[in-house]
Amino acid sequence: MPEKKIRVLIAKPGLDGHDRGAKVVARALRDAGMEVIYTGLRQTPDMIAEAALQEDVDVVGLSILSGAHNALVPQIIQKLRQNGQDRVYVFLGGIIPQGDVPSLLDQGVSKVYGPGTNTQDVCEDIRKAVLQQA
Amino acid sequence: MVLDLLDKMGKGNRLALSRVLSEVEADSAPGREALEKLFPSTGKAHKIGITGPPGSGKSTLVNALAKALRQLPGNPKVAIIAVDPTSPFSGGAILGDRIRMSDAIGDTGIYIRSMASRGALGGISARTEALSEVFDAAGYAFILIETVGAGQSEVEIARLAHTTIVVDIPGLGDDIQSIKAGILEIADILVVNKADRPGAQQSLNFLRNMIEMGFRTTAPRFGHHKLAGMVASEGTQITQTQGWLPPVLMTIATKADGIPQLIEEILKHAEYLRESGGWRAKEAAILRHNIESLVAIALWEAWKGRVPDEGLEEQVALVMNRQQSPREAARQLLAYNLNIKTSSSE
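Protein sequence lines, in the order shown, are assigned to chains A and B. Sequential numbering from 830 applies to the first sequence in this note's numbering. Sequential numbering from 16 applies to the second sequence in this note's numbering.
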């Protein structure tokens, strides 16, 4: 029988070139049976929102290590909402100072992960969230 | 719900299109309903398959092609279906073709959809065909279908495209590889990409020679367009375009070098198909293959639904112990629960 596959967009907004974390997460999600659309480095908020729209993803994972999260993340979430994708689960990984986390969560990010995160936890969080969406 | 989505999609709402594509890909009840509604308005798009070995630059080439097709008169809309393999172990997939397509994203006339190859048995072509029906009905004039060529999948692509482009690169092992892989038979157009690399001219010469020597047995050697009256052969075999000598081109996709020539050949091929009656023959072959795949999938699923895992495992154990042959096991499994199911299924 057809089963619902969880579709995840993994994107790196901004200008830093450190994509190891994004790749590790992409790989872990694939191994958890999800379909991961990987867009690569240096994506603008527009490009990310457009990719999320075309791919009809359930989840958007953003990886930022440049410190530009406060500028970029709200823009991305706003564009997702403009496109009608307000139910998409957005998570963020990278180097995010604790002090910035509350306001990011406030603006629509569901989870923020730092260094040392267990990828199993990321998979579990996504599964739970997508089950609730349905 | 579906009607509402289709209505919005018809008005150009891209989120609606995206949702319809998901339903169709999941083969859900709304997805099936959508296809029933959409099918009458399909049959207008030119489907172009692009295949070749990993790393040959297919995604980059598709990106360049899409942008160039958009510049044609009337600025036709272009859809890209990028297929990547599903992991047979986890059922997950990493779909990375968009990495090379990011500069096509500013143009709302180009729609890129990544698709995981997922299950087995005709599934790739059935789902790809279903997605292209949606794009076709939504007014996308060109549908570019990209798959990695690693055995069967490129042959599958040749079965659902009007024009098949095979991408090769210089220095890919010995010449016999390409003969063995059958790429000469499925190609309507051959491209030597990364033509700024050493050995490009040799690759080009080799491919040209192979084709002109008549390796492609159905291709006459007189050049293009000479046998316009010939109709392509049908049947469950892949339909080669008879009377069409596949051109071999060089491109450097990263610089969009050679793309105008490639577009020209694609349009020529479409024109040739239409003039020669080959288009109808291709359509018939595509639809026939599609129906066959759907039947195969339905039979497989019906069988799967009838036979519990224990039933299969029992047979595996018998075969393991050499008490029974695999062929006998298959015969028994085919008959498994056949009577029970037919009497109780209503």
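Watch out, some of these pointers could steer you wrong.
Label pairs and their computed distance ranges (CB to CB) [stated by the list, open to error]:
1) A/Thr948 - B/Val310: 28 to 34 Å
2) A/Asp875 - B/Asn224: 43 to 49 Å
3) A/Gln911 - B/Gln86: 35 to 41 Å
4) A/Leu960 - B/Thr57: 32 to 38 Å
Hints listed in this document are in silico derivations from the structure and should not be mistaken for laboratory results. Think of the CB as a built atom: it goes at the ideal place given N, C-alpha and C, for glycine as much as any other residue.
So, against the hints stated earlier in the document, which numbers end up violated here? 1, 3
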